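Participant: Here are the chains, one letter per residue:
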Amino acid sequence: MLKYVARRILQIIPTLLGVSFLSFSLLYIFPGDPAEIILTITSGSEPSYEEIQKFRAEMGLDRPIIVQYIDWLSKAIRGDFGNSWTEGKPVMDLILQRLPASAELFFMTFAISISFAMLLGIVSAIYKDRAIDHFCRIFSLLGISIPSFWLGLILIWIFSVQLHLLPAFGYGGFEHLILPVLTWSFSFMAIKTRFVRSCLLEALSQDYVITARAKGLPKRIVVLRHALRNALIPIITYFSLSISHLIVGSIMVEVVFSWPGLGSLLVESVFKRDFPVVQALIFISGVLFVVINLVVDILYAIIDPRIRYGD
Amino acid sequence: MLTRREFIKYVAIGSASLLLGCAKKEALVTPTETPIATPMYRAEFILGYGKDHRLKGGKWGIGFFPKIHVLEKLVEYDLKNDDFIPNLARCWDIEQDGKVITFELNRGIKFSDGSELNAEAVKFTVEWLKINHPLGSETFESAEVVDDYTVSITYKEAKFFNLAKMAEFHMSIMSPKSVEPEGDPNGKFVLPIGTGPFKVVDYKEEQYAVYEPNEFWYERYGIKPKFKKFVVKFIKDEDTRVMALKSGEVDAISDYSHGGSDYTPRNQLGILQEEGYKVFKRVIPLTWIIAFNYEKVPFNDVKMREAVDLAVNRDEIVKIFDNQVLPARTLFIEDAPGIKEAGVMYECDPERAKQIIDELGCAGIEVNMIVDKAQSDQILVCQLIQQQLKDIGINVNLEILETGAYKQKRDAGEYDMRLYYIGGTDRRFYMRMFWRFHPARKWKAYVSERTGELCEKILTEFDKEKRKQYLIEFYKAIYEEHGVVPLYFDIMTTVASKNVDISYEEMFYYPNGIPFGEPLFYAVGVRA
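Just so you know, the sequences run in chain order A and B.
For the first sequence, position 25 matches number 25 in the numbering used here, and the numbering has no gaps at all.
For the second sequence, position 443 matches number 443 in the numbering used here, and the numbering has no gaps at all.
There's no promise every hint is true.
[To be verified] In silico DSS-like links for lysine-lysine, alpha-carbon gap of 27 Å or less:
id	chain 1	residue 1	chain 2	residue 2
1	B	Lys130	A	Lys89
2	B	Lys130	A	Lys54
3	B	Lys156	A	Lys54
4	B	Lys246	B	Lys228
5	A	Lys89	B	Lys56
6	A	Lys54	B	Lys188
7	B	Lys110	B	Lys123
8	B	Lys246	B	Lys281
9	A	Lys89	B	Lys188
10	B	Lys498	B	Lys51
11	B	Lys278	B	Lys228
12	A	Lys89	B	Lys51
13	B	Lys246	B	Lys319
14	B	Lys464	B	Lys476
15	B	Lys110	B	Lys228
16	B	Lys188	B	Lys177
17	A	Lys54	B	Lys99
18	A	Lys89	B	Lys177
19	B	Lys204	A	Lys89
[Claimed, not checked] If you want a taste of the chain A side facing chain B, the calculated C-beta under 7 Å gives, among others:
id	residue
20	Thr86
21	Glu87
22	Gly88
23	Ser160
24	Phe169
25	Tyr171
26	Val255
27	Pro260
Since the hints were made in silico from the structure, they are not lab data.
Here the structure is a predicted model, which means the values were calculated and not measured.
Glycine is no exception: its CB is placed at the ideal position from the N, C-alpha and C atoms.
For reference, chain A alone in the conformation it holds in the complex (with noise of 0.2 Å):
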C-alpha cells in the first residue's frame, strides 16, 4: 500500500509542474500586452509607451521568459505569488480575503447539491423510465441547459423585486446565501443527478444484483446495500472532483450576486490583466485537483484493493 501511495505522489510531480508552467505562461498566451491594459485601466489615463516600458521593467517582464518562470515557481511553492498589479497587495492576501466567502458558497451549495443529486438519482434510476424517472431527467436537463446567469435573475425578480423575500445581492447574513446557492446548485445537482441515475442503473443491471433478488431480498435492501454500494465509488470519485469548482465554478454566480468570492476575483484579474492573481489562481486550482486526485485514489485503494493490486 505504502509504494503505491508513493508512486502515485511521485507520478503527480511532472502533472504539478506541467500545471505551473502553463499557469505562469498564461501571462504570455493571453492576447494583448498586460501592461498597456493594467495602466489604462488602474490609471484611468492612456499611458505612453515610456510608461509601459518602466512597468516592465519594474514587475521584472523585461527578463528571459525562463528566469523570470523559476523565480516565479520558487516562490508559488512557498506560497509566495508575489504583488497583485492593480492593488499593490500580496495576491496571498487578496486570495485569503476572498476565500471565506467563496468557501461559504461553495460547501453549502455541495452539500445540497450532492443530496438532492444523490436522492434523485437513485429515484430517477429506481423508477426507471416512469413519470417520476421523466421528471428527474428533466429538471437535469433543465439545470444544464438553462445559464446561471438567466436564472440567476430570474430568481432575483421573483424572490427580491416581486416577493420581497430575500435580498438580490451582496455578502452578508444567511439570507444573502440562499438565492446565489439556488442557483448554482440547480446546474450544479443537475449533471450530478444523471450521473448517479446511470452508476446505479449500471449496478442495477449486475449478475449480483439479479442474484440477490432471486433470493428475494427486498427491493430497498437490494439496491441500498447491494447495487448502491457498488456505485459509490464513481459518484464519490467525481463528487470528490467538483471540490476544485471551488475557485472557478461559481463565476457567472457571483457577479450576478455581486458575490466577492474568488471566482469574481479571477474574472477581475482576467479583465484588469493581473497575471499574478490570475497566475496563483489557476496554479491553486490544478494543484487542488491534482490532490484531490490523489487522495480520492488512495481512497480508492483502501476501499477497493482489485485498484493497488491490478496497478
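Starting from the structure of chain A, add chain B where the hints point.
Facilitator: Chain B alone, transformed into the frame defined by chain A:
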C-alpha cells in the same frame, strides 16, 4: 401512517404558511433610522454602483467616485463657456507661457478631519502624484510653497493644457494625512482625506463604502445634509443593479463617474421612468465614433472615409439605445467650445455614398471591423453599421474579439475600422483631445499634418477666443478629411426611486452653481 395525498397536502400547506410568514415579517418591518435635517428624511441613503471605490488606494490611487465626492480640485471646468472656474484655488497666475502656474488658495477651507487646506497640502498632492500616478509623472516637474496659501507648480511643458489638467479627476487635492508617514509623498496610502462633500467612514473591498457628510464642506456652502450616512453598494452586474433598485434595496443607481462603462442599460431607462423612477440624464461630450485605419488601404483614401460617413444612419443607431442617447451630427455636443460656430454637420446620404463607392470602383470591397467583446452595446452598433455599409457596397467582416485580442489587433494595425470614443465627462474634454488627436499619442483616433498642428495649438493656447478659433478649424479639418465618423453622444445617468428628493440642478451642479460633469449626491434626501 400518512397517505401520499395527505403528505402532499400538508407539504403544500406548510410551504404556503412559510411564504406568508416571511412576507408578513417583511411587511411588519418598520424603519428605525433617525431623521437628520428634517424629520421627513431617512438617515441613510443607499446607492448602487458598478465599480469598487478602491479606497485603500491600490497601485495608482483611489477610484473615480471618491475623487469626485471625497476630494476636490483646484479648478473646475465649465464646458459651455470653456472656462476654468475657481474651486479650491481662488485665482491663479500663468507664468513663463504656462510652464509655471501659481495658485492662490481660498482661505478657511478645511479637510474633513478639521485640518486646513494650505499650500503644503497642494505641494504634497503634486509630489505624491508625480511619484505615484502616470499622469502626474508626465505633467509635473515640481511644486513650491510661496506662502501658506500660495503654491507655485512647475510643469514639464509650457501649455494651456496644464491648467485643463488641473480639473482632471486625478489632480484632486488630498490631505497629507492621507498617507503614512504623514506628508511623505513616498509614504503608504491609508485613506483619502479631502475637502469634498463626504468623508470615508467604512469600506469593505468589493462590497460597500460608507461615507458621512463632511460638515466643513456643507458649512462652506451654507447647506445641511439630509442624510447621516451615505452607503454605496458595489453591484457589478448591470441587471442586478436595476433589480436592486426595484426591490428597494438601494435608493438609486448611478453610472460610473468616469463615463462610458458600467452604466444602467440605456434601453431600461424609459421603462424605469414609466414605472415612476426618477431618471436624471446628462449628455456628456463623449462621442462614439468610427475610427479608421487611415494609414492603410482602403481607408487611407478620404473618399472611402467619406462614403462610410455618408452611409451611416445615426438615427437608426440611437434606436439601439432606445433613443436615450443622441445622434452625433457634430463632432462633440453643441455645448463644447466652437461646435456651434464651426457649423459643421454630418449628414446621412446613402445614395451619394453608393455613388462614391461606384466611382472608386470599390463596390463589393471587403473590409474588417474589430470590436471588443466586453462592450455588448458596441457589438450591436457594429452589426448595424455592417448592414448600413452593405447597402452601399462595402462588405464588413465583423470580428468580435476578447479585450486583449482586440487591443492586440488594434496595436498591430490589423483592422480597417473600429469603434472608439473621443471626449469624456466635461473635465476630460481637452484631455481626450490630447489622447485622441495629438501626433505624440500612441492610440490616436485620427491625425493628419493639419489636424495634428491644430491639436497642438489648441492645447498650447491660453487665450480662450484664439483657442476657440483653433477648435473651429480643427472640427472643419476633421470633417473635410473625414478623419472619424461621429455616431452618437453618450450620457451619464442616475436613476432614483420615487422617495428620493433631488433636483436636476442639485444632481449636476455645485451649490454655488458651478457646473459639475458627474452626478453629485450632496443634496439627496430619502423620504421615510
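Participant: Indicate, hint by hint, whether the structure satisfies it.
Facilitator: Hint check:
1. B/Lys130 - A/Lys89: holds (21 Å)
2. B/Lys130 - A/Lys54: holds (14 Å)
3. B/Lys156 - A/Lys54: OK: B/Lys156 and A/Lys54 at ~18 Å, within 27 Å.
4. B/Lys246 - B/Lys228: The given pair, whose Cα atoms are some 23 Å apart, holds under the 27 Å limit.
5. A/Lys89 - B/Lys56: holds (10 Å)
6. A/Lys54 - B/Lys188: Holds, at roughly 21 Å.
7. B/Lys110 - B/Lys123: Since the Cα atoms of B/Lys110 and B/Lys123 sit roughly 16 Å apart, the hinted pair holds (cutoff 27 Å).
8. B/Lys246 - B/Lys281: Holds, at roughly 19 Å.
9. A/Lys89 - B/Lys188: holds (12 Å)
10. B/Lys498 - B/Lys51: The hint holds at about 24 Å.
11. B/Lys278 - B/Lys228: Holds, at roughly 22 Å.
12. A/Lys89 - B/Lys51: With Cα atoms ~19 Å apart, A/Lys89 and B/Lys51 stay inside 27 Å; holds.
13. B/Lys246 - B/Lys319: Status holds; Cα separation ~25 Å.
14. B/Lys464 - B/Lys476: holds (18 Å)
15. B/Lys110 - B/Lys228: It holds: about 19 Å lies between the C-alpha atoms, which stays within 27 Å.
16. B/Lys188 - B/Lys177: holds (10 Å)
17. A/Lys54 - B/Lys99: Cα-Cα ~25 Å, so holds.
18. A/Lys89 - B/Lys177: Since the Cα atoms of A/Lys89 and B/Lys177 sit roughly 21 Å apart, the hinted pair holds (cutoff 27 Å).
19. B/Lys204 - A/Lys89: Since the Cα atoms of B/Lys204 and A/Lys89 sit roughly 15 Å apart, the hinted pair holds (cutoff 27 Å).
20. Thr86: It holds, given that the least Cβ distance between A/Thr86 and chain B is near 6 Å, below 7 Å.
21. Glu87: holds (5 Å)
22. Gly88: holds (4 Å)
23. Ser160: With a closest approach of 4 Å, the A/Ser160 hint holds.
24. Phe169: holds (5 Å)
25. Tyr171: holds (6 Å)
26. Val255: With Cβ-Cβ at 6 Å, under 7 Å, it holds.
27. Pro260: holds (4 Å)
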